[in-house]
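Sequences are here, hints too, so could you generate the full structure?
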Amino acid sequence: MANSQRYTREIPHRYRLEAQKFKSGFVSLSRRYVDPETGEQEYEKIILKGTGTILTYTVIYVSADAFSKQTPFVIAIIETDEGARLTAQVVDCEPEEVRIGARVELVFRKIINEGHSGIINYGYKAVLI
Amino acid sequence: MVGIVGYGAYIPKYRIKTSSIAEQWGNDATTIEQGLMLKEKSVPNIDEDTITISVQAAKYALKRSGIDPQKIGAVYIGSESHPYAVKPSGTVLIDALGIGPDVHVADFEFACKAGTEAMFVAYSHVKSGNMDYALGIGADTSQGAPSDALEYSASAGGAAFIFGKENVLANVLFTHSYTTDTADFWRREYMHYPRHGGRFTGEPAYFKHILGCGKALLEKSGLKPSDFAYAVFHMPNGKFPLKAGTTLGFTKNQIQAGLVVTAMGNTYSGSSPTGLTAILDIIKPGEKVFMVSFGSGAGSDGFIFEATEKISEVQDLAPKTWDQLNGKRFYLDYGKYLAYRGKILFNDIV
Numbered sequence: 830m831a832n833s834q835r836y837t838r839e840i841p842h843r844y845r846l847e848a849q850k851f852k853s854g855f856v857s858l859s860r861r862y863v864d865p866e867t868g869e870q871e872y873e874k875i876i877l878k879g880t881g882t883i884l885t886y887t888v889i890y891v892s893a894d895a896f897s898k899q900t901p902f903v904i905a906i907i908e909t910d911e912g913a914r915l916t917a918q919v920v921d922c923e924p925e926e927v928r929i930g931a932r933v934e935l936v937f938r939k940i941i942n943e944g945h946s947g948i949i950n951y952g953y954k955a956v957l958i
Numbered sequence: 047m048v049g050i051v052g053y054g055a056y057i058p059k060y061r062i063k064t065s066s067i068a069e070q071w072g073n074d075a076t077t078i079e080q081g082l083m084l085k086e087k088s089v090p091n092i093d094e095d096t097i098t099i100s101v102q103a104a105k106y107a108l109k110r111s112g113i114d115p116q117k118i119g120a121v122y123i124g125s126e127s128h129p130y131a132v133k134p135s136g137t138v139l140i141d142a143l144g145i146g147p148d149v150h151v152a153d154f155e156f157a158c159k160a161g162t163e164a165m166f167v168a169y170s171h172v173k174s175g176n177m178d179y180a181l182g183i184g185a186d187t188s189q190g191a192p193s194d195a196l197e198y199s200a201s202a203g204g205a206a207f208i209f210g211k212e213n214v215l216a217n218v219l220f221t222h223s224y225t226t227d228t229a230d231f232w233r234r235e236y237m238h239y240p241r242h243g244g245r246f247t248g249e250p251a252y253f254k255h256i257l258g259c260g261k262a263l264l265e266k267s268g269l270k271p272s273d274f275a276y277a278v279f280h281m282p283n284g285k286f287p288l289k290a291g292t293t294l295g296f297t298k299n300q301i302q303a304g305l306v307v308t309a310m311g312n313t314y315s316g317s318s319p320t321g322l323t324a325i326l327d328i329i330k331p332g333e334k335v336f337m338v339s340f341g342s343g344a345g346s347d348g349f350i351f352e353a354t355e356k357i358s359e360v361q362d363l364a365p366k367t368w369d370q371l372n373g374k375r376f377y378l379d380y381g382k383y384l385a386y387r388g389k390i391l392f393n394d395i396v
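Protein chains in written order, with our numbering: chain A, 830 to 958; chain B, 47 to 396.
Hints are computed from structural coordinates only; laboratory data are not their basis.
Mixed in with the good hints there might be a few duds.
As the list claims (entries may be wrong) - Interface residues of chain A toward chain B, partial, derived using beta-carbon atoms under 10 Å:
{"no.": "1", "residue": "Ile-840"}
{"no.": "2", "residue": "Glu-847"}
{"no.": "3", "residue": "Lys-898"}
{"no.": "4", "residue": "Val-920"}
{"no.": "5", "residue": "Ile-941"}
{"no.": "6", "residue": "Val-956"}
From a predicted model like this one, the values you see are computed outputs, not experimental measurements.
Each residue gets a CB set at the ideal place from its N, CA and C atoms; glycine is no exception.
Quick look at the structure:
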């Protein structure tokens with residue numbers, strides 16, 4: 830999310846979880862035009878409900894500068910109920926509360942500020958439910 | 047009749063205790079807790095602001111309304127902490143919730159009254175027949191200068207209301223607004239913190255406008271305080287709304303359910319709207335609510351609502367306000383609180 834043009838293009842999936850569902854059943858949240866398994870190019874647009882399960886996670890103690898005020902924090906790979914896989918920060922919890930298999934809900938949060946004068950980047954994070 | 051067809055509140059999970067702030071400045075915590083009737087206040091997580099709070103509250107309102115977001119014709123967010131000085135909060139919200147692009151969007155500002163201002167305009171659009179549904183939101187991550195009295199109360203949260211004509215949860219029976227130019231509280235451009243007139247914010251500002259609006263609203267409606275099950279007023283602390291309410295003739299019992307300030311603090315534009323959601327969470331069909339907001343500068347918006355049969359079907363569809371206030375929460379120490387609220391300077395990181 831380095832500039833305002835790219836940021837604007839990514840709004841559909843970052844803001845409201847617009848995903849692509851291919852004929853094979855493969856669901857991709859980040860924009861893909863080709864099913865990586867079958868090469869199929871036909872897909873339907875779906876909106877993810879925003880609930881899912883943690884497949885795996887890690888706790889970040891030494892972060893990139895932009896996230897240094899948030900350490901320690903949890904980054905998880907989550908599978909949504911529709912089958913899309915995504916990486917997201919798990920917030921509003923202590924790291925020790927997070928477990929593989931825990932149910933989460935995606936919420937709308939601020940990801941980073943581009944400095945003091947740049948745009949504010951919003952997107953999805955996860956909270957435990 | 048036109049009224050609320052969906053409502054929702056969102057309060058961040060982080061808190062700071064009154065005692066943590068008092069210790070920092072060498073003040074007596076018990077005196078302040080009793081004086082303000084406030085034990086703790088909500089603080090936004092580091093990744094929360096007026097926009098994210100508004101989105102979550104509006105999600106809950108949509109859930110309770112069951113309507114298609116595309117049917118919403120106008121979105122107004124009232125706040126004194128819009129994240130951008132230039133670039134609307136409402137545009138982020140509509141794209142996050144799938145509203146529009148055929149929609150009218152505006153950000154409102156009128157100190158602590160911006161939320162009810164948004165509600166009033168949303169309601170008026172539907173009443174005029176201009177559109178079927180309109181969304182009004184009051185939300186803030188309120189500012190208070192370090193060591194100022196406001197630091198004990200300025201908190202974070204918000205409430206969203208969808209107005210419509212069908213499947214109404216609470217009809218709007220009457221409204222009234224009361225406004226004068228009163229310099230009781232202000233923040234100039236580029237300034238981090240608001241300033242205020244100390245005791246001048248009381249009688250000539252808060253009480254004059256709340257009582258002026260409240261009396262006119264009672265007169266207009268022909269109703270008596272005893273005709274209402276609940277009353278909610280702007281809540282800069284616990285004492286002011288109780289004093290204003292009892293002066294108008296309401297009892298402490300009528301005010302208690304919406305008196306969220308004691309556990310949440312003052313969410314500025316989100317204050318009386320969040321109190322209203324706490325009442326809607328428990329109200330029974332046929333019961334009436336008396337509401338008067340207050341925004342410095344200064345003015346008050348008054349509403350009289352009457353709950354319909356439909357309210358009982360939706361109260362459990364989204365998190366209730368007191369459950370959020372009394373549920374899981376994390377306490378910050380004063381240093382962490384300063385960092386979360388951007389009250390200390392860090393080096394630029396990009």
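Quiz item: Does the structure break any of the earlier hints, and which numbers would those be?
Solution: Checked against the structure, no hint fails, so every one of them is satisfied.
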